[in-house]
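J.: So you can see what is in the structure, the chains are spelled out below.
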Amino acid sequence: MGNAPPRLFRFRRFGSRLLLLIAGLLALAQCANFVLVRRANRRNATERIQANLDKGALLFTHRVNARLDDLSSRAALMSGDYAIRQLFLEDRTDPATVSSALETYRARMGVPFMTLLAADGSRLGDTGGPLPAAALKPFAGLVERASQADDPKAHAYARLPPDGPGGKLYALLVVPVYAPRPEIVAWIGLALPIDHRFATELKEDAQLEVTFYYGAPGRMLPVESTLPETALVSSGPSDIVEGDRTVDVGGEQYVTAYRSLPLITPGSAAIALQRSLRVELEPSLLLERFLLILLLVSLAVAAAVAPWFALNLSRPLRALAEHTKVIARGDYGTRLALDRADEIGQLAASFNRMSEGLAERDKVRDLLEKNVSPEVAAQLMRDGSALGGEEREVTILFVDLRSFTAMSESLPPRDVLALLNRYFDRMSGIVEIYHGIVDKYMGDEIMALFGAPVPLANHANNAILAAIEMRGALARLNAELEAEGLSRLNFGIGINTSSVIAGNIGSSRRLNYSVIGDGVNVAARLQNLTRMSQYRADILVSASTLAASKGSYRVRPLGAVPVRGRDEPVEIFAVDGAE
Amino acid sequence: MKRIAAAAILAACIVTAQAAGIVRVVTRDPAGRPVGDAVAYLVNLDSPAPVHPPADPVAITQKDQEFSPYVTPIVVGTRVVFPNLDTVQHHVYSVSPAKRFEIPLYIGDSKEAIVFDREGIVTLGCNIHDWMVAYVFVLSTPYFAKTGPDGTAEVPGLPPGRYRLAVWHPRAGTVSRDLVVAGSDDTTQVVSVVLKPDHRIRRAPDAAGAGYR
Numbered sequence: 000m001g002n003a004p005p006r007l008f009r010f011r012r013f014g015s016r017l018l019l020l021i022a023g024l025l026a027l028a029q030c031a032n033f034v035l036v037r038r039a040n041r042r043n044a045t046e047r048i049q050a051n052l053d054k055g056a057l058l059f060t061h062r063v064n065a066r067l068d069d070l071s072s073r074a075a076l077m078s079g080d081y082a083i084r085q086l087f088l089e090d091r092t093d094p095a096t097v098s099s100a101l102e103t104y105r106a107r108m109g110v111p112f113m114t115l116l117a118a119d120g121s122r123l124g125d126t127g128g129p130l131p132a133a134a135l136k137p138f139a140g141l142v143e144r145a146s147q148a149d150d151p152k153a154h155a156y157a158r159l160p161p162d163g164p165g166g167k168l169y170a171l172l173v174v175p176v177y178a179p180r181p182e183i184v185a186w187i188g189l190a191l192p193i194d195h196r197f198a199t200e201l202k203e204d205a206q207l208e209v210t211f212y213y214g215a216p217g218r219m220l221p222v223e224s225t226l227p228e229t230a231l232v233s234s235g236p237s238d239i240v241e242g243d244r245t246v247d248v249g250g251e252q253y254v255t256a257y258r259s260l261p262l263i264t265p266g267s268a269a270i271a272l273q274r275s276l277r278v279e280l281e282p283s284l285l286l287e288r289f290l291l292i293l294l295l296v297s298l299a300v301a302a303a304v305a306p307w308f309a310l311n312l313s314r315p316l317r318a319l320a321e322h323t324k325v326i327a328r329g330d331y332g333t334r335l336a337l338d339r340a341d342e343i344g345q346l347a348a349s350f351n352r353m354s355e356g357l358a359e360r361d362k363v364r365d366l367l368e369k370n371v372s373p374e375v376a377a378q379l380m381r382d383g384s385a386l387g388g389e390e391r392e393v394t395i396l397f398v399d400l401r402s403f404t405a406m407s408e409s410l411p412p413r414d415v416l417a418l419l420n421r422y423f424d425r426m427s428g429i430v431e432i433y434h435g436i437v438d439k440y441m442g443d444e445i446m447a448l449f450g451a452p453v454p455l456a457n458h459a460n461n462a463i464l465a466a467i468e469m470r471g472a473l474a475r476l477n478a479e480l481e482a483e484g485l486s487r488l489n490f491g492i493g494i495n496t497s498s499v500i501a502g503n504i505g506s507s508r509r510l511n512y513s514v515i516g517d518g519v520n521v522a523a524r525l526q527n528l529t530r531m532s533q534y535r536a537d538i539l540v541s542a543s544t545l546a547a548s549k550g551s552y553r554v555r556p557l558g559a560v561p562v563r564g565r566d567e568p569v570e571i572f573a574v575d576g577a578e
Numbered sequence: 000m001k002r003i004a005a006a007a008i009l010a011a012c013i014v015t016a017q018a019a020g021i022v023r024v025v026t027r028d029p030a031g032r033p034v035g036d037a038v039a040y041l042v043n044l045d046s047p048a049p050v051h052p053p054a055d056p057v058a059i060t061q062k063d064q065e066f067s068p069y070v071t072p073i074v075v076g077t078r079v080v081f082p083n084l085d086t087v088q089h090h091v092y093s094v095s096p097a098k099r100f101e102i103p104l105y106i107g108d109s110k111e112a113i114v115f116d117r118e119g120i121v122t123l124g125c126n127i128h129d130w131m132v133a134y135v136f137v138l139s140t141p142y143f144a145k146t147g148p149d150g151t152a153e154v155p156g157l158p159p160g161r162y163r164l165a166v167w168h169p170r171a172g173t174v175s176r177d178l179v180v181a182g183s184d185d186t187t188q189v190v191s192v193v194l195k196p197d198h199r200i201r202r203a204p205d206a207a208g209a210g211y212r
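Protein chains in written order, with numbering that gives the first Met the number 0: chain A, 0 to 578; chain B, 0 to 212.
Note that these hints are calculated values from the structure, not bench results. Glycine included, each C-beta is placed from N, C-alpha and C at the ideal position. Warning: the hint list may mix true and false statements.
To give an idea of the chain B side of the interface with chain A (calculated C-beta under 8 Å), a few residues [said to hold, decoys possible]:
(1) Val87
(2) Tyr92
(3) Glu118
(4) Thr122
(5) Gly124
(6) Val132
(7) Arg199
(8) Ile200
Computed list of lysine to any residue pairs in SDA-like fashion (alpha-carbon distance at most 25 Å, straight line) [to be verified]:
(9) Lys62/B - Arg180/A
(10) Lys98/B - Asp119/A
(11) Lys98/B - Pro94/A
(12) Lys195/B - Gly140/A
(13) Lys195/B - Ser72/A
(14) Lys62/B - Asp80/A
(15) Lys54/A - Ile183/A
(16) Lys195/B - Lys202/A
(17) Lys152/A - Lys110/B
(18) Lys439/A - Pro159/B
(19) Lys98/B - Arg144/A
(20) Lys195/B - Ser146/A
(21) Lys98/B - Leu25/A
(22) Lys195/B - Ala320/A
(23) Lys195/B - Ala75/A
(24) Lys98/B - Asp80/A
(25) Lys98/B - Met77/A
(26) Lys369/A - Leu194/B
(27) Lys195/B - Gln85/A
(28) Lys195/B - Arg91/A
(29) Lys98/B - Ser121/A
(30) Lys98/B - Arg180/A
(31) Lys110/B - Gln85/A
(32) Lys98/B - Ala117/A
(33) Lys195/B - Arg66/A
(34) Lys98/B - Ile183/A
(35) Lys98/B - Ala100/A
(36) Lys195/B - Arg144/A
(37) Lys202/A - Ser283/A
(38) Lys152/A - Asp129/B
(39) Lys152/A - Arg170/B
(40) Lys195/B - Ala145/A
Hey, can you work out the whole structure from these sequences and the hints?
T.: Structure (structure tokens):
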């Protein structure tokens, strides 16, 4: 963990992180939306155009076929004409006569060109002067094709040379002349120009740009177009391949369908049907623009709202952080005021409950310490209040006031208690100084322990020193009492060192930390013996204490005294002071 | 029809008095049905027989706005008349190279007989009734017959020799085979004829005045 690489960037503020998150997510979502919509629009527009192009290609074929059908019916009407038959009654048809007669029919039918061919495909005459072989050939080919057809009719696209009927793309048609049906005596050839007018009409119907190409494969050039000349020139010679694709025409994208027109003459021809992608996209561009505005507006709103939102979130968090410092200082009284119902509000409420709990615990601890000694309180806080005990060597000290009961009768109870507490306060202080504990107060008597619950190496020594100290403290208290006009106090101290059972003693409802054992009785007995005037001692210690103390004191051996419940008498010593 | 057959038989009898063979031609389409109105003719490959047109003209009538018969085989030089038995006029014409002619609108007997002086197939039409069509097969051989509705034709009076048998029908063109006739043979030739779809236009429904009533 200590070797973790340093981070390139670290957010100092929660707000910045949130702002970046919200704005980033929003921007990502909106941008994706925009891109997807834009792409879908383009794809839809292209598909729509392609469908229209397919329809346009069909429309072109239908228009050509309809015109050819129309011409075919007119030619059929004409071929049954008596005058036409008259031409064939001659032994040798006169080409000039045939041509001039055809001119009449051409005018009647409203077609640009008409030719009459013999059953074998040879020319009998035509309008617009004799055709060069190159122009005649496609008709002869069609006659051959039609002769083999069930319904003797044929049509095909052709490019006729300029010295013929005009050097353009044509749809050629041959229909039979019957005399009578089914005997075919001749063929009428007609040419439908695929010219600018045709392209314009197709554009009006299909709403598509129409261009006709002619040339050799790979070198196709536009011959007729509804597009402006400049656009066509800029698009250059097209490598026409059958199919749909998007091409650049004069800097504009056109979805284009190329359909080749099979020619009966040399060369290749194709029709290009086109529609501008821009024109088709115009309605969707409005939507795209709206989406773009929406994107910018929502980003702006996010940028404006996110800091406020972040502040709203981070301010209470900061307050919580501050509050933890207050609690750490031990101030459990201050409450966090956050009027919120959300998780942060719940957290603040938990904080407040925690403060209350901590305050409660403090109070309990305080009370505990006052009622039991701090060491016992600490042990209880640490180990709980389990019943049980342990055997250990301790020194027990009993200190009892002399003739206090008699004195108390001359004083009001309140003053008695005040005096007693004053005395206890001094004595208890001394016990604590020497790391002992006040085990209990019994009337005007104090029982103190040294070496329990906290083990103490020199408990016997401490107990004796404490007793000597108490003697001094009592002398000082008596001086104060005399000054106050009160009676002097006298006490007796008994000290014994013994092995005892130490632990929490009592019921599960109420416990006392204490020690039990024979040694306790001995200490109490020694305290009682201080009343014996022959000893002239206020502090009596047992031999076991003196042995354990290792200190040097001025003591007077007072011999052995019997103790109730003990077979052997106890050797006692009076302590006069420290060496 | 009877007269034609009779004339042919007569001619054959004159040429070969001593021994004459008979060729029976049976025409069948791929489905096995008989093909009527087919012209079966034999050309002697060794010594072409001269033809003698009949003295009387052959008649092709127009009745109920149809030609009758549909197919008429004749020899070169035969005269044909076109009596119009209808109450409407007809305008008979042909632009076929074998005989170009027209008889402008007329009713009753045609003014004069048309002499068919070149061999070949002549398609007859009526200039004002597109559906009317008939064929005249002008032959340079005396040995011919037309199949009846049962698809059979009998060409009698054939002197022994090698012949080319040809069968022609307006919707099938010509099919031919070579054969030898010896003595008084009586052979039957089954000829398969594949007919093309009938492209004759149907008669106008209102031609009899049943149009706008």
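J.: To test your reading of the hints: which numbers does this structure violate?
T.: 1, 3, 15, 16, 17, 18, 19, 21, 22, 26, 27, 28 and 33
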